[in-house]
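Trainee: Sequence:
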Amino acid sequence: PRYILLSATIANARNFANRLTGMKFRAVEKSGAPQAGRHFFFINPDSSATTVAGRLFVKALQEGLKTIAFTQARKLTEILHMNVAEAAPELATRVSSYRAGFLAEERREIEKGLASGSVAGVISTSALEMGIDIGGLDSCILVGYPGTIINTWQRSGRVGRGERDSLVILIAQPDALDQYFMRHPEDFFQRPFEAAVVDPDNTEVLDAHLPCAAAEIPLRESDDLYTRGNLLAARAPVLETSGDLLRSAEGDVWYAARRQPQRLVDIRSVGEGYAIVDESSDKVVGKNDGVRVFKECHQGAIYLHRGQQHLVTRLDLERQNVFVKPMKARYYTRALSEKETEILAVERSRPVANFIARLGRIRVTEQVVGYEKRNVYSGELLDRLSLDLPPQSFETVGLWLEIEDILQEMVLRRGLHFMGGIHALEHALISMFPLFALCDRNDIGGIAVPLHPQAQKSAVFIYDGYQGGVGLAARGFEMIEELLVKAGELIGRCPCDSGCPSCIHSPKCGAGNKPLDKTAASLLVKGLLGDVPLKVESRKQGEDFVAVPEEDAREDRGGDPAVGLFDIETQRLADEVGGWGNVHLMRLAVAVLYDNRSDIYETFTEEQVESLIERLQDFDLVVGFNIKRFDYRVLGAYTALDFRALPTFDILEDIHSRLGFRLSLGHLAEQTLGKAKIADGIQAVRWFREGNLDAVTDYCKEDVTITKELFEFGLSHGYLLYRTRAGQAVRLPVDWSMDRILHKMS
1 PRYILLSATI ANARNFANRL TGMKFRAVEK SGAPQAGRHF FFINPDSSAT
51 TVAGRLFVKA LQEGLKTIAF TQARKLTEIL HMNVAEAAPE LATRVSSYRA
101 GFLAEERREI EKGLASGSVA GVISTSALEM GIDIGGLDSC ILVGYPGTII
151 NTWQRSGRVG RGERDSLVIL IAQPDALDQY FMRHPEDFFQ RPFEAAVVDP
201 DNTEVLDAHL PCAAAEIPLR ESDDLYTRGN LLAARAPVLE TSGDLLRSAE
251 GDVWYAARRQ PQRLVDIRSV GEGYAIVDES SDKVVGKNDG VRVFKECHQG
301 AIYLHRGQQH LVTRLDLERQ NVFVKPMKAR YYTRALSEKE TEILAVERSR
351 PVANFIARLG RIRVTEQVVG YEKRNVYSGE LLDRLSLDLP PQSFETVGLW
401 LEIEDILQEM VLRRGLHFMG GIHALEHALI SMFPLFALCD RNDIGGIAVP
451 LHPQAQKSAV FIYDGYQGGV GLAARGFEMI EELLVKAGEL IGRCPCDSGC
501 PSCIHSPKCG AGNKPLDKTA ASLLVKGLLG DVPLKVESRK QGEDFVAVPE
551 EDAREDRGGD PAVGLFDIET QRLADEVGGW GNVHLMRLAV AVLYDNRSDI
601 YETFTEEQVE SLIERLQDFD LVVGFNIKRF DYRVLGAYTA LDFRALPTFD
651 ILEDIHSRLG FRLSLGHLAE QTLGKAKIAD GIQAVRWFRE GNLDAVTDYC
701 KEDVTITKEL FEFGLSHGYL LYRTRAGQAV RLPVDWSMDR ILHKMS
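Once you know that position 397 of the sequence shown is 397 in the numbering used here, the rest is easy, because the numbers rise by one and skip nothing.
The hints are simulated quantities; they were obtained by calculation from the structure and are not laboratory data. Treat the hints loosely; a few may be bogus.
[Stated by the list, open to error] Here are the computed lysine to aspartate or glutamate pairs in the EDC-like style, where the Cα-Cα straight-line distance is at most 16 Å: (1) K457 to E372; (2) K59 to E86; (3) K66 to E163; (4) K526 to E489; (5) K283 to E106; (6) K514 to E338; (7) K677 to E709; (8) K677 to E702; (9) K526 to E402; (10) K744 to D620; (11) K457 to E340; (12) K514 to E653; (13) K66 to D165; (14) K628 to E653; (15) K75 to E372; (16) K514 to E606.
[Said to hold, decoys possible] Listed next, with one range per pair, are the computed distances between beta-carbon atoms: (17) E221 to A36: 25 to 33 Å; (18) L381 to A36: 40 to 48 Å; (19) R723 to R644: 32 to 40 Å; (20) L381 to E221: 56 to 64 Å; (21) E709 to V352: 40 to 48 Å; (22) D252 to M23: 20 to 28 Å; (23) H584 to R689: 14 to 22 Å.
C-beta: ideal position from N, C-alpha, C; glycine also.
With the hints as constraints, model all of the structure from the sequences given.
Mentor: Structure follows, in structure tokens:
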């Protein structure tokens, strides 16, 4: 047979066709289509891009311009549609949204309306980007940079197809790539088209498409197309066993078992589909794929369809149905998730500057653990709720950067947040990825791990967001240096102080963009690329410290473990929450953490509590005074972490086990160290309510210092001092040693 392939505008059409089919092609690359004038406007608004887009969309329709608006997400498409209908009710019947997940008859109705003129404006995802004749349009509003140059020109090419000039408006989101092109508009017009990638060996895709191919032309062992790489020989027996292919009596030909197997294949995703059902009428109003359904259609989620809000009342996993009911709400929902990766096989490795880059097969497990309710107009957080959903796992291809201990030590010695740094780096890499491959941030995923159990060091993973992989991670592996350079430029050139949506925040972060440390991420990029020497400064003393591998550093310190000492102050008093049995209701005001590795005190407020909890998990031993009965219980309100799993030495617990009664921290400090506490918990709450957070922090830091000095005194002297009820100063023997304490923890 002779093959004629039609592509959108891509950089490597001929090579892509060769890789897809295994055959050689000639490319026709010049367009003969007429093109009228096209006017571009770039808008970088101070307010919401969605709000600005809604106003411009309404104005364009009122001026008689047939208009299409493109957004980057299904939910944003529906929110914009809803806003337009509320702002201009007289236009509501002439405007529609359009996206994947609509029923086929709905899509045909909208397309017909656009072609006839009964629909004057449409708000769409990439679903209307190409392949569908929707008639002549006058203006195109891009709500956010489409993710690639290719997508941008495809979308803008929807307008001005006749002799009439057209208008294209790009409204920047506070997103990394959007802001990059706002700062470098010349690059927008000069940048070449991205390369398309494909993985023809993806078994998930093959297993879905081979029966479709067999339905058109029976598959034969002698076909060149199917002998390449022995793909047919490998997959046909599997599909025969599953009942998707039938083998001929002679054994050399395979037929499709179903008449139209393509009806069961969703080319937009790999995975099972879910029907979205109106519970009052049992009518199917839409559909969603198995990859998105847990994040978008969990119980309590707000599902938007053609500008109408629906509340998800039930998710039936067994029958794959999502039940909804119409409602009007002033909030939208956003899922919160946790992820982990398992390395299945390392396929490629290479040293790059100060790190090792690897490519291989990985298993990604993600669990939606809750969701947020946010104001539909301001984005303000209204509530956070928990969910109990099963984890989802899939195998894909990923690349990862192994970050050496010496780089981690460099970050910690600067007093920076290492986990926040690698998390921010992951976001920046994903943001810049579309500059090098035909994708957007929804096609790839990432995870930053402070200590990966298989790599035995910290690592940043970037992976294909599709079962089996589609070639994106492989492309990133080849371009990792360039990708890191762009990520570094993004972080370094953003004018914000500590991170924002234009640099390291991600709209799809399942952890709510916490923790993030922009300075640490910038330092890591420089360290990874070899742009800074592998040495850091001691913040306390100011002298240079030459970093060495962890095992050498530990040997020089006599094998000292990583020890963290911390204390917290609260916003409320016990009698305000119903007594000491409700400690978890007292809320965190300030926490101070001392790290013996860096000799630095770190301060955390309630907004940074997740960072504190992450940090506590970094230590070989956590030391405190009454932390098990108080501090951990206060923090337990902010996390599902079982603090009993942390290696913890509670000084008060140890004293109680020896004496049978408790002593206050102030009493022990005065008798053992000759120090008096500067305040108490009641005064700390009073300072907090007065807004004097500095005083609360100073008091908390002083308590951490006292705890640290008491612990060190007990370690070195083998006793503490206290005064009996009779007024006698006596010793309390303590057989503390680091080895004994750590042994009890193991």
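Trainee: Does each hint hold? Answer for all of them.
Mentor: So, going through the hints one by one against the coordinates:
1. Between the alpha carbons of K457 and E372 the distance comes to roughly 32 Å, so the proposed pair goes past 16 Å and is violated.
2. Distance restraint check for K59 and E86: the Cα-Cα separation of roughly 14 Å lies within the 16 Å cut-off, and the hinted pair is therefore satisfied.
3. For the hint linking K66 to E163, the alpha-carbon distance of about 15 Å falls within 16 Å, and the restraint holds.
4. Annotation: proposed proximity of K526 to E489 holds, straight-line Cα distance about 10 Å (limit 16 Å).
5. Distance hint between K283 and E106 is fulfilled; the C-alpha atoms sit about 14 Å from each other, no more than 16 Å.
6. Restraint check for K514 and E338: satisfied, since their Cα atoms lie roughly 12 Å apart, inside the 16 Å limit.
7. For the proposed pair K677 and E709, the alpha carbon gap of about 13 Å is at most 16 Å, so the pair holds.
8. The hinted pair formed by K677 and E702 meets the criterion: a straight-line CA distance of about 8 Å does not exceed 16 Å.
9. Distance check on the hinted pair: K526 and E402 sit about 15 Å apart at the alpha-carbon level, within 16 Å; holds.
10. Taken as a hint, the K744 and D620 pair is honoured in the structure, with Cα atoms around 12 Å apart against an allowance of 16 Å.
11. At most 16 Å may separate the alpha-carbon atoms for a hinted pair to count; K457 and E340 meet this at roughly 15 Å.
12. Simply put, K514 and E653 have alpha-carbon atoms about 32 Å apart, too far for the 16 Å limit, and the pair is violated.
13. A C-alpha spacing of about 12 Å is found between K66 and D165, which places the hinted pair at or below 16 Å, so the restraint holds.
14. A threshold of 16 Å between alpha carbons decides the hint, and for K628 with E653 the separation of about 8 Å falls inside it, so the pair holds.
15. For the proposed pair K75 and E372, the alpha carbon gap of about 15 Å is at most 16 Å, so the pair holds.
16. Between K514 and E606, the direct Cα distance comes to roughly 12 Å. Compliance with the 16 Å bound is thereby established for this hinted pair.
17. Between E221 and A36, the C-beta spacing of about 53 Å breaks the proposed range 25 to 33 Å.
18. The given range of 40 to 48 Å is respected by L381 and A36, whose C-beta atoms sit roughly 46 Å from each other.
19. Range check, R723 to R644: about 33 Å between beta-carbon atoms, so the 32 to 40 Å window is met.
20. Distance hint check for L381 and E221: the Cβ-Cβ separation is about 59 Å, which falls inside the suggested range of 56 to 64 Å.
21. In this structure the hint that E709 and V352 lie 40 to 48 Å apart at CB holds, the actual value being about 45 Å.
22. Checked against the hint of 20 to 28 Å, the pair D252 and M23 passes, with Cβ atoms roughly 22 Å apart.
23. Separated by about 20 Å at the C-beta atoms, H584 and R689 satisfy the suggested range of 14 to 22 Å.
The structure does not agree with the numbered hints 1, 12 and 17 stated previously, though it agrees with the rest.
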